[in-house]
Amino acid sequence: MPRHSLPGRAKAFKETGGVYPLMVDFCSALRWQHCLDEPVRIGCWNLQRYGVAKMKNELVMDVIVQVSSQQLQRHGPAPDGTSLSSSCNVSDQLVMDVIVQVSSQQLQRDGPAPDGTSLSRWAASSCNVMDQLVMDQLVMDVTVQVISNYDLIVLQEVTDTTGTAVPALITAINTYMGSENLYVAVESPRIGRNSYKEQYVFVYMPSRMTFVNGYKYVEQSDVFQVEPFIAHFTSNSTGPLREFAVIPLHAKPSDALVEMDALVDVYDQMILDLGIEDTIILGDFNAGCNYIVQEEYEQMRLYTDPRFHWLISDHADTTTKTTSCPYDRCVYSYADATSKTTSYPCNRWGIDLRVY
Numbered sequence: 001m002p003r004h005s006l007p008g009r010a011k012a013f014k015e016t017g018g019v020y021p022l023m024v025d026f027c028s029a030l031r032w033q034h035c036l037d038e039p040v041r042i043g044c045w046n047l048q049r050y051g052v053a054k055m056k057n058e059l060v061m062d063v064i065v066q067v068s069s070q071q072l073q074r075h076g077p078a079p080d081g082t083s084l085s086s087s088c089n090v091s092d093q094l095v096m097d098v099i100v101q102v103s104s105q106q107l108q109r110d111g112p113a114p115d116g117t118s119l120s121r122w123a124a125s126s127c128n129v130m131d132q133l134v135m136d137q138l139v140m141d142v143t144v145q146v147i148s149n150y151d152l153i154v155l156q157e158v159t160d161t162t163g164t165a166v167p168a169l170i171t172a173i174n175t176y177m178g179s180e181n182l183y184v185a186v187e188s189p190r191i192g193r194n195s196y197k198e199q200y201v202f203v204y205m206p207s208r209m210t211f212v213n214g215y216k217y218v219e220q221s222d223v224f225q226v227e228p229f230i231a232h233f234t235s236n237s238t239g240p241l242r243e244f245a246v247i248p249l250h251a252k253p254s255d256a257l258v259e260m261d262a263l264v265d266v267y268d269q270m271i272l273d274l275g276i277e278d279t280i281i282l283g284d285f286n287a288g289c290n291y292i293v294q295e296e297y298e299q300m301r302l303y304t305d306p307r308f309h310w311l312i313s314d315h316a317d318t319t320t321k322t323t324s325c326p327y328d329r330c331v332y333s334y335a336d337a338t339s340k341t342t343s344y345p346c347n348r349w350g351i352d353l354r355v356y
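With my numbering, letter number 230 in the sequence shown gets 230, and the count goes up by one each step, no holes.
For the record, the hints were derived by calculation from the structure and aren't laboratory data.
Wrong hints could be hidden among the right ones.
[Said to hold, decoys possible] Straight-line alpha carbon distances no greater than 20 Å define the calculated EDC-like cross-link-like pairs of lysine to aspartate or glutamate that follow:
| hint | residue 1 | residue 2 |
| --- | --- | --- |
| 1 | Lys252 | Asp273 |
| 2 | Lys252 | Asp222 |
| 3 | Lys252 | Glu296 |
| 4 | Lys216 | Asp273 |
| 5 | Lys197 | Glu243 |
| 6 | Lys216 | Asp261 |
| 7 | Lys197 | Glu219 |
| 8 | Lys216 | Glu296 |
| 9 | Lys216 | Glu187 |
| 10 | Lys252 | Glu157 |
| 11 | Lys216 | Glu277 |
| 12 | Lys216 | Asp265 |
| 13 | Lys216 | Glu295 |
| 14 | Lys216 | Asp268 |
| 15 | Lys197 | Asp255 |
| 16 | Lys216 | Glu180 |
| 17 | Lys197 | Asp222 |
| 18 | Lys197 | Glu187 |
| 19 | Lys252 | Asp265 |
[To be verified] Pair ranges (Cβ atoms, derived):
| hint | residue 1 | residue 2 | range |
| --- | --- | --- | --- |
| 20 | Ser207 | Val258 | 38 to 48 Å |
| 21 | Pro206 | Asn290 | 37 to 47 Å |
| 22 | Arg301 | Gly275 | 17 to 27 Å |
| 23 | Gly192 | Asp265 | 15 to 25 Å |
By construction, the Cβ of each residue, glycine as well, lies at the ideal position given by its N, Cα and C atoms.
Using the sequences and the accompanying hints, generate a full structural model.
Below, the structure written as structure tokens:
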């Protein structure tokens, strides 16, 4: 059964003596179908400047760890036995429109919700925090997609300096799911070319895969503002995909073209280091609108090299603003990849793409 969700990006604003922002830049997600097994779900979530302040905000944590009603079918009910599909009393149509923002194209792509209703109605009934959000009387664009949707999800723009935010997040997720070690996290070092640093955090299910090792890409020149951190995993599946690498990037907007082009160097060096070709490259590339125009794609090796397959269209809208910008991307490569294609057969793995 296809999984449905709210559109990619969302913002939740909480008034704490002013407007307290939580920016959830939801990159994308895809399913690596092992042909014989349940798909491996991989995603990327840009939690803007996630740290102690957000960790201590109960509303923020509720949004982050919330389990959607679709996931109840996969993981079962919440530990306390409650249902997350109870209806929310959302009466403000303007607020509801901002919260949902489901375009006709997305409805056409995803089809009706599991119960046959529109996606907007389904989204409104799949949360248990929406009432509280609406009562704050702020225009909130909230995604109920959560970490528990995925077997592996990369968190970007983690800026916590205390070392406590990510462990607290993992504890909250596992407590909510009722299993102590359902999810674990691997954190990159704090990365950045100046005093501003970020981390990439890989949250994954050890029952589905095993983390082998990871390392920060060593640049020959200062190209990246936040250098990629390569993570090497082996799959616990019985399918043909036995090991793979994940390369996330949060690109500096003004250097988006240069940084995306340099990802080919990162990939080639990774093959020399690890001997792995099966790779997913994903993140907030800022790959569109004012940062890169269509003509410039042809100057980019990541785009022209036939080894790399782009899973999100250049014309896709991965934002919830009035602009239509394909900032967030997923690119994959695999052993013996020889040409670009829009179909993904079950060779080493098949891909059933879902962009969230």
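Here is how each hint holds up against the structure:
1. Lys252 <-> Asp273: 26 Å, violated
2. Lys252 <-> Asp222: Distance ~12 Å between Lys252 and Asp222 Cα, so the pair holds.
3. Lys252 <-> Glu296: 16 Å, holds
4. Lys216 <-> Asp273: The hint holds at about 12 Å.
5. Lys197 <-> Glu243: Measuring from Cα to Cα gives roughly 30 Å; hence the hint is violated.
6. Lys216 <-> Asp261: 18 Å, holds
7. Lys197 <-> Glu219: 17 Å, holds
8. Lys216 <-> Glu296: 27 Å, violated
9. Lys216 <-> Glu187: Status holds; Cα separation ~11 Å.
10. Lys252 <-> Glu157: Answer holds: Lys252 to Glu157 is near 12 Å, not above 20 Å.
11. Lys216 <-> Glu277: It holds: about 18 Å lies between the C-alpha atoms, which stays within 20 Å.
12. Lys216 <-> Asp265: Measuring from Cα to Cα gives roughly 13 Å; hence the hint holds.
13. Lys216 <-> Glu295: Violated, at roughly 31 Å.
14. Lys216 <-> Asp268: At roughly 14 Å apart (the allowed maximum being 20 Å), Asp268 and Lys216 satisfy the hint.
15. Lys197 <-> Asp255: 17 Å, holds
16. Lys216 <-> Glu180: 29 Å, violated
17. Lys197 <-> Asp222: This hinted pair holds, its Cα atoms lying about 15 Å apart.
18. Lys197 <-> Glu187: 13 Å, holds
19. Lys252 <-> Asp265: Roughly 17 Å between the alpha carbons, so the hint for Lys252 and Asp265 holds.
20. Ser207 <-> Val258: 38 to 48 Å: Because 39 Å falls inside the window, the suggested range holds.
21. Pro206 <-> Asn290: 37 to 47 Å: 41 Å, holds
22. Arg301 <-> Gly275: 17 to 27 Å: At roughly 21 Å between Cβ atoms, Gly275 and Arg301 fall inside 17 to 27 Å, so the hint holds.
23. Gly192 <-> Asp265: 15 to 25 Å: 19 Å, holds
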